[in-house]
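Q: Top line first, the protein sequences correspond to chains X and F. Using our numbering, you'd call the opening residue of the first sequence number 1 and step up by one each time. Using our numbering, you'd call the opening residue of the second sequence number 1 and step up by one each time.
For the record, the hints were derived by calculation from the structure and aren't laboratory data. Wrong hints could be hidden among the right ones.
[As the list claims (entries may be wrong)] Only some residues are given here: those of chain F computed to face chain X with a beta carbon under 7 Å:
#1 V68
#2 I81
#3 G83
Ideal placement from N, C-alpha and C gives every residue a C-beta, glycine not left out.
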Amino acid sequence: MIATLLIGLREGLEAALVVGVLLAYVGKLNRPDAARKIWLGVAAAILLSLGLGAILTYGAYGLSFTAQEAIGGSLSILAVAMVTWMVFWMLKMSRGISGELRGQVDRALVGSGWAVALIGFVSVAREGIETALFIWATTRASGTAPLVGFLTAISGILIAIAIGWALYKGLLRVNLTVFFRWTGVLLLVFAAGVLAYGIHDLQEAGFLPGPFVAAPEGAGPVVAAWFGEAAWAFNVSHIIAPDGLIAVILKGTLGFAPEMTKLEVLAWAGYLIITLPLFLVRSYAGQHATRKERP
Amino acid sequence: MTSSNLRNAAAVAALSATALLLAGCVPNGAPNATSIAVTANDEGCEVANATGTSGTLTFTVQNDGTKVTEFYLLGSNKLTIVGEVENIAPGTSRDLTVQVGPGEYFTACKPGMIGAGVGHAAFTVSGDAVATTPEEDAVVAQYVAYVKTQTEELVPRVGEFVAAYKAGNDDEARALFPIARINYERIEPTAEQFGDLDPKIDYRKPGAIEEGLPFTGFHRIEQDLWLDRAIENYSQPEKNHYPKDDLVALTPEERATIGDQLVADISELNDKVRSPDFTLTLADITEGAKGLLDEVAAPDGKLPGEENEFAHTDLYDFTANVEGAQVAFDTVRALLVANGGEELATELDARFVDMLDTLAGYGSYEAGFVSYDTVDATKRNELAAKLTALSEPMSRLTAGVVGS
Numbered sequence: 001m002i003a004t005l006l007i008g009l010r011e012g013l014e015a016a017l018v019v020g021v022l023l024a025y026v027g028k029l030n031r032p033d034a035a036r037k038i039w040l041g042v043a044a045a046i047l048l049s050l051g052l053g054a055i056l057t058y059g060a061y062g063l064s065f066t067a068q069e070a071i072g073g074s075l076s077i078l079a080v081a082m083v084t085w086m087v088f089w090m091l092k093m094s095r096g097i098s099g100e101l102r103g104q105v106d107r108a109l110v111g112s113g114w115a116v117a118l119i120g121f122v123s124v125a126r127e128g129i130e131t132a133l134f135i136w137a138t139t140r141a142s143g144t145a146p147l148v149g150f151l152t153a154i155s156g157i158l159i160a161i162a163i164g165w166a167l168y169k170g171l172l173r174v175n176l177t178v179f180f181r182w183t184g185v186l187l188l189v190f191a192a193g194v195l196a197y198g199i200h201d202l203q204e205a206g207f208l209p210g211p212f213v214a215a216p217e218g219a220g221p222v223v224a225a226w227f228g229e230a231a232w233a234f235n236v237s238h239i240i241a242p243d244g245l246i247a248v249i250l251k252g253t254l255g256f257a258p259e260m261t262k263l264e265v266l267a268w269a270g271y272l273i274i275t276l277p278l279f280l281v282r283s284y285a286g287q288h289a290t291r292k293e294r295p
Numbered sequence: 001m002t003s004s005n006l007r008n009a010a011a012v013a014a015l016s017a018t019a020l021l022l023a024g025c026v027p028n029g030a031p032n033a034t035s036i037a038v039t040a041n042d043e044g045c046e047v048a049n050a051t052g053t054s055g056t057l058t059f060t061v062q063n064d065g066t067k068v069t070e071f072y073l074l075g076s077n078k079l080t081i082v083g084e085v086e087n088i089a090p091g092t093s094r095d096l097t098v099q100v101g102p103g104e105y106f107t108a109c110k111p112g113m114i115g116a117g118v119g120h121a122a123f124t125v126s127g128d129a130v131a132t133t134p135e136e137d138a139v140v141a142q143y144v145a146y147v148k149t150q151t152e153e154l155v156p157r158v159g160e161f162v163a164a165y166k167a168g169n170d171d172e173a174r175a176l177f178p179i180a181r182i183n184y185e186r187i188e189p190t191a192e193q194f195g196d197l198d199p200k201i202d203y204r205k206p207g208a209i210e211e212g213l214p215f216t217g218f219h220r221i222e223q224d225l226w227l228d229r230a231i232e233n234y235s236q237p238e239k240n241h242y243p244k245d246d247l248v249a250l251t252p253e254e255r256a257t258i259g260d261q262l263v264a265d266i267s268e269l270n271d272k273v274r275s276p277d278f279t280l281t282l283a284d285i286t287e288g289a290k291g292l293l294d295e296v297a298a299p300d301g302k303l304p305g306e307e308n309e310f311a312h313t314d315l316y317d318f319t320a321n322v323e324g325a326q327v328a329f330d331t332v333r334a335l336l337v338a339n340g341g342e343e344l345a346t347e348l349d350a351r352f353v354d355m356l357d358t359l360a361g362y363g364s365y366e367a368g369f370v371s372y373d374t375v376d377a378t379k380r381n382e383l384a385a386k387l388t389a390l391s392e393p394m395s396r397l398t399a400g401v402v403g404s
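Here chain X stands alone, though its shape is the one from the complex (with noise of 0.2 Å):
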């Protein structure tokens, strides 16, 4: 039973943080608009993945391994690419704004909102059809009753949301300046997990060097050092069980796994050391430059 929750809320909880933050976005905009297109496209992508996952466990053709790695890879890369291209365009703007202009321009700040909707999207579709598959299979279930598997299921991926919604909730409350670079931060960081989970999923499909696959022949030591065995950076599932609620609750946050690649951690912190520092430094920039502009 907990397991079984808390595999809803681990594959829930990123996605959950995500729109969370892009509800909040538009909510200190007061773009109401903005957030139904969200609520919009977060509805299309669990939809859609309900759907093809109740078509390939009950229909005529199952997914095959390889292809279902390679979506939800790509997916999470591309959604770490609109996210943090979201977050610096938002800086961009924000930038030099003064006062009594600043409402104005804040509503330009997020468009039309489909883009935003866009990313909610596709951070709910990246592992939607995994999830939908795990749900629907609980439906199949035969030691508990499947209906309650199937609503212990639901349940995790409602914990999800409940935590992203009070981080909804919590960032409405932060002061307008300090809003705008600590949600920042905070996308950063969940779309750095994002891009780790995305490295995994396509060293599995065997995409790109790993674990799972041998190193070439007559590879020289730095180069077999990306493949088999070698491949892995660390495991401590021994001291964080990989099932446990600690587990999951860095994972769907950090992006951290008890056992990581090293082509994964590569990326986690590749990602953060550019992009974290050039944000803040610009976001302090920009702060300041606003100031001086002023009487």
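Given the coordinates of chain X, work out where chain F should sit on it, guided by the hints.
A: Using the frame of chain X, we list chain F on its own:
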């Protein structure tokens, strides 16, 4: 990145995801699929059979433990993931459907999702090599669809050509002759699969005589439309031994008979190609591509100017043969690259461009190609050199696509 760029990027991503979905489909419970029960608990898992038959295998993994588990089918190196199903909650059952060829595999479970997997057990798949993967089926289906579009275009073009010929509009018929052949020349190896059709449609006079077949089809009409040249041609010493009794103008009735037969044969070809039973193998496609180029270079082909020995429209056929080979190659290109044939693919890309550019220097279907008898030996040698440069890598295509 603007929001419209973003939308485009998303559209591309959605399209690729859809393509992957389609290409990555494996049949659930296909009639010949074998279902293998796997019982998992907190210590590992037990696979009911240690052997299977190649094709579609379904592992039904029942988790009787208290921890979430994962089930893996690994390659013989115990690293490569052939198939995986995650998130098997306690008390639930999930299926892993995979397409496997004969070979040695390992099965493993990961109770609690920890470690490199426990319960590694050897799993042997026997039987024939998996005939095709879904990706290969998709490639074949794409090429078959191409063949169908070509025969569909061929029917009205031949109809128009024959109508002009039967009506005695010889100038019009002469102009339509090379155009009516384009679609046929693009897919000729496929037509040759239907034993008796190609001889009736496209045999040249020497070929028909050699095999004791009546001389019919495109080239019979060609001879009638360019009768002066035919008489001149067959008076040359090297062709003097061929019978000359058919070197007379056909009567309108004879024209109708020959013309109607060509239309009927083409329409039969179209029907056969459109039949649900019609299919090809990957090797048919790659060998066909090579065959198209061989057609050009053959002693009675386009390069020596023998194919259309009276009309001298060989450059049309030449271009169509190369185009047909290029489409066949493009269709299998992704498979070639996936098999590590990136270099060969790049080389062929360049050779095709070079060949078609050179041909374009002589004209186009729309504007017309120069008569082949005006192409001198030097120029023919240049064409031959380009063709050889293309044919050589082409002869490695089948091995690069199929032989893996």
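Q: Does each hint fit the structure? Answer for all of them.
A: Hint check results:
no. : hint : result
1   : V68  : holds (5 Å)
2   : I81  : holds (5 Å)
3   : G83  : holds (4 Å)
Consistency with the previously given hints is maintained throughout, with no hint failing.
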